Amino acid sequence: GGMGYPVLGAEGDGYPLAKSVGHKVTDIHPAMMPLKTKELWGANCRADTIAKVEIRVDIKKYKKLHAKGDLIFTKNGIRGPVVLDFSREITPLLAKFDEVPILMSLTKGMNEEDIREHFKKLQKENPHISTLELVKTLLPESVSIELCKLANIKENNLTLKKLSGISRDKLIKLLVWTPLTINGHDGFKLAMITRGGVSLKEIDPNTMQSKKMKGLYFCGEVMNLDGPCGGYNLQWSFASGFLAGKLLI
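Under UniProt numbering, the first residue of the sequence shown is numbered 1, with each subsequent residue one higher.
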């Protein structure tokens with residue numbers, strides 16, 4: 001097996017065994033796990049789940065790395081399906097960098113023009129609607145309050161028109177992409193899967209047998225293959241284990 005959730009007995013013993021007979025083992029990283037953030041304002045938003053969030057890495061070389069799904073804030077970071085999937089991309093980056101900046105689209109992909117038009121429509125219906133009430137039409141109250149704070153809006157009861165142009169523009173930008181900084185995780189202790197493992201090029205996909213040593217078979221997370229949430233990793237372990245065991249007997 002891999003190295004995730006060691007309390008279940010996994011210690012990664014298969015990696016040195018594979019190396020001892022000449023197999024290449026890629027770098028190993030914990031994956032499918034919560035992430036910690038430098039910013040702590042999310043601790044005030046723990047009661048709410050935000051649906052259909054998109055997360056992207058805010059580093060030029062890695063901007064293509066992204067994931068979508070539901071997100072939950074924690075006392076020291078973020079979790080939820082989108083984070084579990086995205087963590088497999090983040091943990092290798094944290095091994096290179098102390099911190100990884102990310103951007104979150106909390107408003108289901110709305111751009112600045114979409115948000116401005118949405119607010120204009122609501123203001124037309126109710127000219128006295130407060131800034132906080134406007135934001136609450138898009139996000140839970142706890143998150144709305146924190147984003148107003150980040151935009152330096154000290155009086156949430158003010159209408160959008162009474163805000164300074166700087167605060168108004170900053171709020172809208174935050175609603176499009178909310179920045180966070182990932183600065184850690186709990187390691188393999190809470191990792192549901194392992195990213196990395198024995199190179200697939202050295203394993204026969206039809207039998208799971210080693211191409212280096214006859215009679216040696218691999219299955220599950222010891223190999224360099226992992227998937228998203230949804231049972232794919234379990235299915236891979238069961239299927240590869242069944243195939244290897246069937247042919248080994």
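You may find that some hints are simply not true.
Each computed SDA-like pair below joins lysine to any residue, with the alpha-carbon atoms no more than 20 Å apart [unchecked claim]:
| no. | residue 1 | residue 2 |
| --- | --- | --- |
| 1 | Lys-212 | Asp-48 |
| 2 | Lys-52 | Lys-149 |
| 3 | Lys-120 | Ser-130 |
| 4 | Lys-189 | Ala-10 |
| 5 | Lys-120 | Met-110 |
| 6 | Lys-211 | Lys-154 |
| 7 | Lys-120 | Leu-158 |
| 8 | Lys-211 | Leu-190 |
| 9 | Lys-170 | Ser-142 |
| 10 | Lys-154 | Glu-141 |
| 11 | Lys-36 | Leu-8 |
| 12 | Lys-212 | Ser-199 |
| 13 | Lys-149 | Lys-212 |
| 14 | Lys-52 | Gly-80 |
| 15 | Lys-149 | Ala-47 |
Since the hints were made in silico from the structure, they are not lab data.
In this text the structure is predicted, and so the values were computed from the model without any measurement.
Hints not upheld, ascending by number: 1, 2, 6, 8, 11, 13
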